[in-house]
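Novice: This is what each chain is made of:
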Amino acid sequence: MPEPGIIIAGAGHAGGAAAAALRQFGWKGAITVIGNEPIPPYQRPPLSKAWLTGDATAESLALRPERFYTQQTITLRLSTTIAAIDRAARAIRLADGQTLPYTTLILALGARARRLPLPGFDLPGVLELRTAADADRLKATIGPGRRIAIIGGGYIGLEAAASSRALGAEAVVLEREPRLLARVASPPLSEFFAAAHRAHGVIIHTDAQVTGLVGQNGTERGRVAGVQLADGTILPCHAALVGVGAIPNDEIAAAAGLRCENGVVVDEHARTEDPAIFAIGDLTNRPLALYGRRGRLESVPNALEQARQAAAAITGRPPPAAEVPWFWSDQYDIKLQIAGLPHDVARLVVRGDPSTGSFAVFHLDADRRVQCVESVNTPAEFMAGRLMILKRRPVDAAALADLSSNMKDLAA
Amino acid sequence: MPTITYIEHDGTAHTVEVAEGFSVMEGAINNTVPGIDADCGGACACATCHVYVDPAWQHLTGTQSEAEASMISFANAVEPNSRLSCQIKVTAELDGLVVRMPAGQH
Numbered sequence: 057m058p059e060p061g062i063i064i065a066g067a068g069h070a071g072g073a074a075a076a077a078l079r080q081f082g083w084k085g086a087i088t089v090i091g092n093e094p095i096p097p098y099q100r101p102p103l104s105k106a107w108l109t110g111d112a113t114a115e116s117l118a119l120r121p122e123r124f125y126t127q128q129t130i131t132l133r134l135s136t137t138i139a140a141i142d143r144a145a146r147a148i149r150l151a152d153g154q155t156l157p158y159t160t161l162i163l164a165l166g167a168r169a170r171r172l173p174l175p176g177f178d179l180p181g182v183l184e185l186r187t188a189a190d191a192d193r194l195k196a197t198i199g200p201g202r203r204i205a206i207i208g209g210g211y212i213g214l215e216a217a218a219s220s221r222a223l224g225a226e227a228v229v230l231e232r233e234p235r236l237l238a239r240v241a242s243p244p245l246s247e248f249f250a251a252a253h254r255a256h257g258v259i260i261h262t263d264a265q266v267t268g269l270v271g272q273n274g275t276e277r278g279r280v281a282g283v284q285l286a287d288g289t290i291l292p293c294h295a296a297l298v299g300v301g302a303i304p305n306d307e308i309a310a311a312a313g314l315r316c317e318n319g320v321v322v323d324e325h326a327r328t329e330d331p332a333i334f335a336i337g338d339l340t341n342r343p344l345a346l347y348g349r350r351g352r353l354e355s356v357p358n359a360l361e362q363a364r365q366a367a368a369a370i371t372g373r374p375p376p377a378a379e380v381p382w383f384w385s386d387q388y389d390i391k392l393q394i395a396g397l398p399h400d401v402a403r404l405v406v407r408g409d410p411s412t413g414s415f416a417v418f419h420l421d422a423d424r425r426v427q428c429v430e431s432v433n434t435p436a437e438f439m440a441g442r443l444m445i446l447k448r449r450p451v452d453a454a455a456l457a458d459l460s461s462n463m464k465d466l467a468a
Numbered sequence: 234m235p236t237i238t239y240i241e242h243d244g245t246a247h248t249v250e251v252a253e254g255f256s257v258m259e260g261a262i263n264n265t266v267p268g269i270d271a272d273c274g275g276a277c278a279c280a281t282c283h284v285y286v287d288p289a290w291q292h293l294t295g296t297q298s299e300a301e302a303s304m305i306s307f308a309n310a311v312e313p314n315s316r317l318s319c320q321i322k323v324t325a326e327l328d329g330l331v332v333r334m335p336a337g338q339h
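Heads up: the protein sequence lines correspond to chains A and B, in order.
According to this note's numbering, the first sequence is numbered sequentially starting from 57.
According to this note's numbering, the second sequence is numbered sequentially starting from 234.
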């Protein structure tokens, strides 16, 4: 009997990339990718940007064209939900009761939008943004004369606000913390984005305690018509987008006895404690070697890095070199690129004047080593920062802040 | 449909058809041409779709934008004909374009 082959559980960016990397690294056996969405793996970052504004097509959104999977003999099983993993039998059970055996299982189940346990959050017109179907629902509600309330001033919320403005809708951002991007960005970057969004007509309320959503005529029925704040104010809206973080889809892994702590625990090769099971992408709690700790990263580069790690380990290739985590966001004409993570930060060094629209914030630890750089319309600072983070050498903070010093020299 | 030839670092050539409007990067990804990673999917954010444009074609592929030039200056093995392939749109006049790939994108 032939070996059952590799099952990739999850057809998002991580799952699709793992299938492609396995073939690229010479894996000849069977590969089956199982996903609960109806479409083949696609890129999620454009959903809040070009897809929303109509500047992307289904073709450009797809990770690979459909013929790729046929040519590479990769079986896609879409609109299919996985119910359980039977580790002893090395098989997965689908929601319809069918079982599929595996030689190796790669878990790429992603994360889902966090829901708020508040009244009215199940009303029609209350939206989240993780999938293409979510984005289509959002797109159908925004346009001139419409007002969208965005709960959560993180990247998804802000990108959706920018796209809403581009489509002529009003956007109101409600953030619980005293500043936008409070969990993920430095204060200078938060200030810059708040100013940029206000300049584009976005209404921003920080320290906003949302207590519920209300339907038409103030009832808890019908379509959402307003957001209720702790002081009793009701902000009218035609739709509400909730972007308050994501939680890993690790339930079936935990039920199968795999260690899960805010995600499936994996090593630097994306292996779980079961030698036949790997886990990749938003789902995982992974080592962050440069920072001497573990964490869960929600980003495309992380999904791709772990897809390559798993594919290399499975095909017996040498492990790929460790990468510096990185992220990007596009809002209006602002290109934000972030390298590294702001752990153990002792001081911030701002290079350039934020009011000019291009600057970078370097995060240094107590030994003056760059831990993270947030770069706004300054790709050289981003690229140099990435190198500096990898090299882990102390830097001259004064030279870093001095625009006349060359980034290439500073990173050398 | 325009035809593009991608030549891997080891000399392996891949000649594929790429529809107008797609980028040279997308042409490689959609046809499983190895050697271009394109981690950011074409946002000019990562410099992992670095190619060398055949000198005979440089006058037709345009020039680097400021952002692209900054990104490329930190890539490995940069040459005067280096480009990020996500920033080159395929047009009818690029039919026959030849690009070469570096040894690695990371």
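Simulated from the structure, these hints should not be mistaken for laboratory data.
Watch out, some of these pointers could steer you wrong.
Label pairs and their in silico Cβ distance ranges [said to hold, decoys possible]: (1) E253/B to N462/A: 33 to 41 Å; (2) H292/B to D152/A: 53 to 61 Å; (3) E326/B to T113/A: 16 to 24 Å.
Built from N, CA and C at the ideal position, the CB exists for glycine as well.
Novice: Indicate, hint by hint, whether the structure satisfies it.
Specialist: The hints, checked one at a time:
1. Distance hint for E253/B and N462/A: a CB-CB separation of about 39 Å, consistent with the stated range 33 to 41 Å.
2. Under the hint 53 to 61 Å, the C-beta atoms of H292/B and D152/A, about 58 Å apart, fit the expected range.
3. For E326/B paired with T113/A, a C-beta distance near 23 Å keeps the hint of 16 to 24 Å intact.
Violated hints for the displayed structure: none, as all numbered hints are satisfied.
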